[in-house]
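Here is how the chains run, residue by residue.
Protein chains: 4
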Amino acid sequence: MSQKGLGATARLLITCDDRPGIVATVTGFLYNHGVNITALDQHSTDPSGGTFFMRLEFQTPHLDVSRTALERGFAEVVAARFGMQWHISYASDLKRMAILVSKTDHGLLELLWRWRRGELPAQVTMVISNHDTLRGAVEDFGVPFHLVPVSAEDRPAAEQRLLELLGDQTEVIVLARYMQVLSEGFVAHYPQRIINIHHSFLPAFAGADPYKQAHERGVKLIGATAHYATAQLDAGPIIEQDVIRVSHRHPVAELRRLGRDIERQVLARAVAWHLEDRIIVHGNKTVVFV
Amino acid sequence: MSQKGLGATARLLITCDDRPGIVATVTGFLYNHGVNITALDQHSTDPSGGTFFMRLEFQTPHLDVSRTALERGFAEVVAARFGMQWHISYASDLKRMAILVSKTDHGLLELLWRWRRGELPAQVTMVISNHDTLRGAVEDFGVPFHLVPVSAEDRPAAEQRLLELLGDQTEVIVLARYMQVLSEGFVAHYPQRIINIHHSFLPAFAGADPYKQAHERGVKLIGATAHYATAQLDAGPIIEQDVIRVSHRHPVAELRRLGRDIERQVLARAVAWHLEDRIIVHGNKTVVFV
Amino acid sequence: MSQKGLGATARLLITCDDRPGIVATVTGFLYNHGVNITALDQHSTDPSGGTFFMRLEFQTPHLDVSRTALERGFAEVVAARFGMQWHISYASDLKRMAILVSKTDHGLLELLWRWRRGELPAQVTMVISNHDTLRGAVEDFGVPFHLVPVSAEDRPAAEQRLLELLGDQTEVIVLARYMQVLSEGFVAHYPQRIINIHHSFLPAFAGADPYKQAHERGVKLIGATAHYATAQLDAGPIIEQDVIRVSHRHPVAELRRLGRDIERQVLARAVAWHLEDRIIVHGNKTVVFV
Amino acid sequence: MSQKGLGATARLLITCDDRPGIVATVTGFLYNHGVNITALDQHSTDPSGGTFFMRLEFQTPHLDVSRTALERGFAEVVAARFGMQWHISYASDLKRMAILVSKTDHGLLELLWRWRRGELPAQVTMVISNHDTLRGAVEDFGVPFHLVPVSAEDRPAAEQRLLELLGDQTEVIVLARYMQVLSEGFVAHYPQRIINIHHSFLPAFAGADPYKQAHERGVKLIGATAHYATAQLDAGPIIEQDVIRVSHRHPVAELRRLGRDIERQVLARAVAWHLEDRIIVHGNKTVVFV
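Residue numbers (my numbering), protein chains in the order written: chain E, 28 to 317; chain Y, 28 to 317; chain F, 28 to 317; chain Z, 28 to 317.
In isolation and in its complexed conformation, chain E is listed as follows (with noise of 0.2 Å):
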């Protein structure tokens, strides 16, 4: 996409109510104001009483406010009327996203290699490390990385660390395969903006090692899962699932080898759902608009 398309592409996510007449109106309301709607997803749990979610793509070229204006305009004709939960984002505002990653490399470097290609609209500021083994491959890339060490007795002191790196302006932290666990308290910092990849079919075979459950077990797929990270260690809302077959023929050596090319194509798509604002957290669910 080039920079004037992008700059002319907005997102619009939508949670509130059902009730008649919310698609009439956000819909009457942009359509005046000059906007073309490119996309629209809308989704109700139930149409009486329920819960209902809505993203619209639109482009604004013709606009006749300001984005200020537009977004003042929208909350107070449109969002206040139906107690809506909204947000408007611009594609030309990449967002800014950092990886943390321990020393297994293959998440970080699907990531980095799609970015590099275009495929997942971001600033990646900064890769975050507890070992400096993947400095190089980091580097290579034009990504600035940072080691933090982690140990048991400081890892206050390390979380302290993160938080000075990633700071505010941090919008997405992707958890690709750091192996360290993350406070509540610093997850609470980034809600529903920590991104995680768990390499098993969740709910099966959360916490350690799940390739070796796995294979104790004796499943005949095996699996892998992005959620948002929350205070409890695998069990956020989950955004995206995959799975791949595999057999007794399989050691546990080599679950982990397939398993990296579902983790890999799992977790991208997770990210880039992300970016393209096309996920609204609903309790502990995600309603994904793809």
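Calculated from the structure, these hints are not laboratory results. Fair warning: this is a prediction, and the values are worked out from it, not measured in the lab. Incorrect hints may have been included.
Just so you know, same-sequence chains aren't split out, so a pair can sit in one copy or run between any two.
List time: in silico EDC-like cross-link candidates among lysine to aspartate or glutamate, alpha-carbon distance up to 20 Å [said to hold, decoys possible]: (1) K122 / E84; (2) K239 / D73; (3) K312 / E180; (4) K122 / D195; (5) K312 / D236; (6) K130 / D159; (7) K312 / E281; (8) K130 / E198.
Got chain E; can you put chains Y, F and Z on it based on the hints?
Below, chains Y, F and Z without anything else, positioned relative to chain E:
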């Protein structure tokens, strides 16, 4: 679904040139007549000068006018303005469906079995075959069975008999492995109403004995394709496709056996989508809103 | 397969400690008795000190001795030397199979339908249910139907009735959605002969109402698992699993409907593999040679 | 795998007319020379008069003779008797592999990335391209990059240059989106040693711009095919194929993007299987033992 539930559900399919204001106008019109939109999908081939497609599902318990008045109003106020091709159908008006089959029963039985479970909202009016083989199986489901033999000499007479049986009231004709070629005239009589299942991943292996062709080529996946029948054999708009993995270990007979499972699923999905008014044909392609 | 074809086919399953010379000894023995090996699969958990598994399919038209003599010879010359657990079965000896079901018919009908087509080489001796709902559907297939009601008070009596019906002659028992818990004693009576279908991707969502559990967790794939029943519910050796993609759009009822298609396929594959002697149970896992 | 592990592993591929005694003779010969068989796969197109294929993986720590003596013995004692085509390779002799590419990098990078991780047991001797675009990316991996421009007039000269670079020592040539047609003579120089990735589910959409063809036909799945190059374009023996689901929502550019992920996986699997001696070509088909 209760009859009451069905009675209230209507579906609107729209095709027109894309330009700003369509969604706002359509949803505004419906809202103003007391209609509650419960599903909305749209697609545009190109926001600038492309074709726009839309499917709405709505409930009409509070409709302030009759069906006739609603449709007349929509035609005058909305459709005329945008030059729309459109159609409203009502879930309570079950489509009259006939199934044509030769001797192979798996597609037929899958449809009848799902229909009996309530998964296919249709009125199955008859099964027609050029062999008497499946009469018992069909009549067990309480569905009328008609034998219409076909020989090379009397093909036109056989088609005439088919036309008499099917008449103009039949809204969907499913060719569930009907191994006779239908004439251009017959197909033209039921435009976009004849669904065929072909036992290959089209356009690969069109024509006779696709599993044999697949075996000879040594493909590693075999497939099935459901499509609308057109004058040109195996070349109509594709509705759905799926594949299954095979290997050198599978002789042709085994491909046929494995393929049956895929054919059953692909055909069942295509028929369900058609019955639920989820498909818009555009040129030689389909837009399927699922 | 013709009866003649079946008559000539035998299968040998072997489990023993791995050490050099097993394949050469087994195949040499068979060759020397005029046996023609037509399929051979082997697996070793570890060539040094692991467990070795083998499946041979062979034709015996030129067998130079009786079945009894062949088996006695194998026991003395080969099996004793390597300390093998082994079993020879003959394709012409169709396994006696019973199906237990409650009210849900999709697994049952899939099995009966495939069985009638010749896809499941078994002798279906009976269907037993704790409800009378499916009697007609079963009897249409010419299969005896037995009603064995179960209530909380008379569970032992009901199991006693099951044991009387099934006897010691039943070689395979399929729980095709039989919604009653079977006692440890009952299960122990038919070790590695009871196949259950659970409607989730185990070990996720063991126990009651897995589709409801899946919906609450917000998973993006739902699955089905066929496994051998053991004393511990939903924890026996897994034979086969598969999944299907779902989304936020699918309420629990829709998960049930979509899941049925996966359950049918997974159960049918597992039963076919068992009937074709393709499965070796080892600890709590299976080796499946397909 | 440690070099020690690799050093001990050998693989034997056999093709011959099927008749009784092959397995017993082959495994008996190897056992008698102190070889430990760790994997064995076989396939017969027909036990009566068909072709027999076999792959053995064995360890030679206790080999009682030299490699040369083992092979000579096998030739004389076993292969001659059954008229076998056969080949033994040793895992420690890494195959010399060259990659040809034009400007598109995804297949190339996937191979290099997996190779660096140790997933592709080869010696990557060079990358050759008709453009200079990917020089930097290749040299980052420490692999020599050669530019061999091709224009319509000097095609034979360019091929001559390729032959000089590749020589007779190159054992595997991967066309990772090399957009030049190779002459029949060139292809014949490397029989069953050139692996091509075609970005469609062959035989559908052979030739130029398969994603555009797929879009025009309106298929619901797109695919990729890895095959051995032969004189006839896109018609050689298929090694591996896979597909991904698409819909009316995907313009050609999006098919290209989605297709890349499938191409990468299919190509990587095919190359790995070739390097691990898992493929036997038979006529225009492959037997792949995985």
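Checking against the hints above, which ones are violated? Failing hints, ascending: 3 and 8.
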